[in-house]
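For reference, the chains in residue letters:
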Amino acid sequence: MRIDGWIFMLATWSAILGLFGFAMFRTLRRKKDG
Amino acid sequence: MARERWGSKLGIIMAVAGSAIGLGNFLRFPGTAAKNGGGAFMIPYIVALFLLGIPLMWVEWTIGRFGGGFGHSTAPGIFQTMWRKNRFIKYFGVIGIFGPIAILVYYTYIESWLLGYSFFALTGRYNGCTDMKSMSAFLNGYRGLASNEYFSDISMAYGFFLATFAINSLTVCFGIQRGIERVCKWGLPILLIFAVVLLVRVFTLGTPNPAHPENSVANGLGFMWNPDWSRLTDAKVWFAAAGQIFFTLSVGIGVILTYASYLTKEDDVALSGLAAASANEVAEVILGGSIVIPAAFAFFGIAAIGGGTFDLGFQTMPLVLQHLPMGNLLGFMWFFLLFIAGITSSISLAQPAIAFLEDEFNLSRAKASVIFAGIMFLMCQGAIFGLGNGVLDELDFWGGTFCLVLFGTIETVLFAWVYGMDKAWTEMHVGADITIPRVYRFIIKYITPTALIALLGYWCFQEWWPTITMKNVPPANRPYVLLTRLSLLVFFVVLSVLVWVSWRRRAAKAVADIPGSESKCA
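These protein sequence lines map, in sequence, to chains D and B.
Residue numbers for the first sequence follow this note's numbering, so the first one is 1 and each next one is one higher.
Residue numbers for the second sequence follow this note's numbering, so the first one is 35 and each next one is one higher.
Simulated from the structure, these hints should not be mistaken for laboratory data.
A portion of the hints provided could be inaccurate.
What the hints assert, rightly or not - Pair by pair, the computed Cβ-Cβ distance ranges are:
id : chain 1 : residue 1 : chain 2 : residue 2 : range
1  : B       : N506      : D       : R2        : 33 to 41 Å
2  : D       : A15       : B       : F237      : 15 to 23 Å
3  : B       : W220      : D       : W6        : 32 to 40 Å
4  : B       : D456      : D       : I7        : 41 to 49 Å
5  : D       : R2        : B       : K270      : 22 to 30 Å
6  : B       : V531      : D       : R2        : 19 to 27 Å
7  : B       : T267      : D       : A15       : 29 to 37 Å
8  : D       : F22       : B       : D262      : 40 to 48 Å
9  : D       : A15       : B       : T469      : 16 to 24 Å
Claimed, not checked - Covered stretches of chain B (chain D as the covering partner; in silico rule of three or more C-beta atoms under 8 Å from a C-beta of chain D):
id : region
10 : 38-51
11 : 65-78
12 : 252-260
13 : 312-325
Every residue gets a Cβ at the ideal spot worked out from N, C-alpha and C, and that includes glycine.
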């Protein structure tokens with residue numbers, strides 16, 4: 001795989017994991033609070 | 035009758051994510067990405083996620099919860115509640131019941147193949163198939179498309195269909211909390227664990243055949259991810275990305291709307307919609323995009339990718355996994371994870387029709403489920419025995435493509451323009467755990483409907499005429515395709531009549547409930 005391929009893969013993975021992490025963290029934190 | 039509710043917030047998030055995570059995540063996405071510019075495809079894909087997918091998620095969650103507040107779980111009632119002055123809008127909502135049924139008719143059968151293959155993997159039944167040709171013969175024999183040394187008839191496939199049908203029917207019969215929520219809460223973690231195990235195994239394959247150093251996992255990933263910038267100027271790539279986002283999130287079908295109707299008025303939809311969408315993306319981009327193509331590429335090179343991702347899933351993957359230690363177990367994990375993805379999607383497809391019978395005809399869950407199962411069983415026979423005659427493709431076009439985009443367009447326009455963006459925005463934020471960025475007011479009102487109308491226009495331009503005229507259908511299959519089309523039309527009319535009847539009954543009941551109405555009539 002070329003270097004730009006790695007960059008794209010890792011950048012996309014980071015963006016999606018970041019979004020998922022944020023959403024689940026807020027969801028589970030709220031559940032605990034409640 | 036007390037209205038059913040979800041047991042927990044996590045429960046509905048997992049149910050919606052389960053509905054969205056399907057075969058498309060693991061089979062359709064990697065092929066579409068690789069075919070449309072690899073890494074460069076992810077630019078329109080991410081753009082479509084934020085401009086089309088996530089806004090539509092919020093729209094469906096919001097209008098579902100809104101309709102549930104008035105005792106409606108399906109699109110006819112919800113649309114009518116949002117646009118009371120228009121007495122025809124409920125008939126557009128019929129698409130939200132019709133579409134899922136049309137998909138479910140063929141989806142259940144494909145899902146049953148996965149259960150069958152899970153069993154075959156564990157018992158080593160396809161281990162004698164050592165190349166693509168024999169694996170293809172095995173699949174065709176199993177599906178009854180050929181009588182060969184592997185299968186003489188369709189009886190085995192029919193047995194697994196019956197088992198799959200029973201699992202689906204029982205799950206929906208148990209209801210929202212005890213059926214759908216429970217299956218998704220158990221199923222999704224198992225699916226994720228299996229997918230992560232396979233991902234790790236694929237990533238550690240390296241270069242399995244030293245005689246062909248170019249066939250490696252890294253190069254397989256490169257096939258998926260190396261950006262081809264020239265493709266970004268091609269409109270087809272943008273439409274492919276928009277289409278993929280649309281299909282993967284289960285928006286435009288009518289199921290999210292139904293699921294969200296079991297929320298209470300105080301339940302959040304903003305964060306939950308985002309959580310479900312992002313869970314689906316993890317399953318699609320990270321897991322789905324990293325298993326099939328790299329594994330196939332590492333063992334068989336670029337030639338293995340050309341057959342389409344469906345072939346990759348059913349033919350190439352079992353061959354690849356056979357080469358590995360504990361191949362039977364890995365094969366089972368592959369097919370069973372797809373089977374779970376299928377189950378969590380198919381139970382969501384059944385829910386709108388059952389909810390319609392419960393809400394609009396006051397049937398109990400058990401009675402509605404039995405009636406629905408009976409009708410579905412008969413309809414599925416067409417997909418099973420008409421498989422070789424283009425019936426499945428026809429159902430997929432109307433139920434799985436056309437209805438989705440049409441329904442998505444209608445609901446977005448209804449939400450943002452008819453119901454009104456001010457009221458819609460307020461409704462989205464009732465009980466919200468996050469504040470949606472204000473830019474989404476503009477996106478939901480202008481960008482999302484425009485993108486959907488463009489998508490609808492593009493597909494009509496590309497596929498409408500060849501489909502209507504059956505241009506790509508072999509002459510021998512045309513009577514079957516025509517019969518399928520006619521059956522779908524009759525079914526749509528029957529559903530519309532049911533909506534008409536239920537509203538007549540509702541109106542009659544409303545009149546009867548007015549104090550003194552009987553004496554006045556007398």
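> Checking against the hints above, which ones are violated?
Replying inline: 6, 7 and 8
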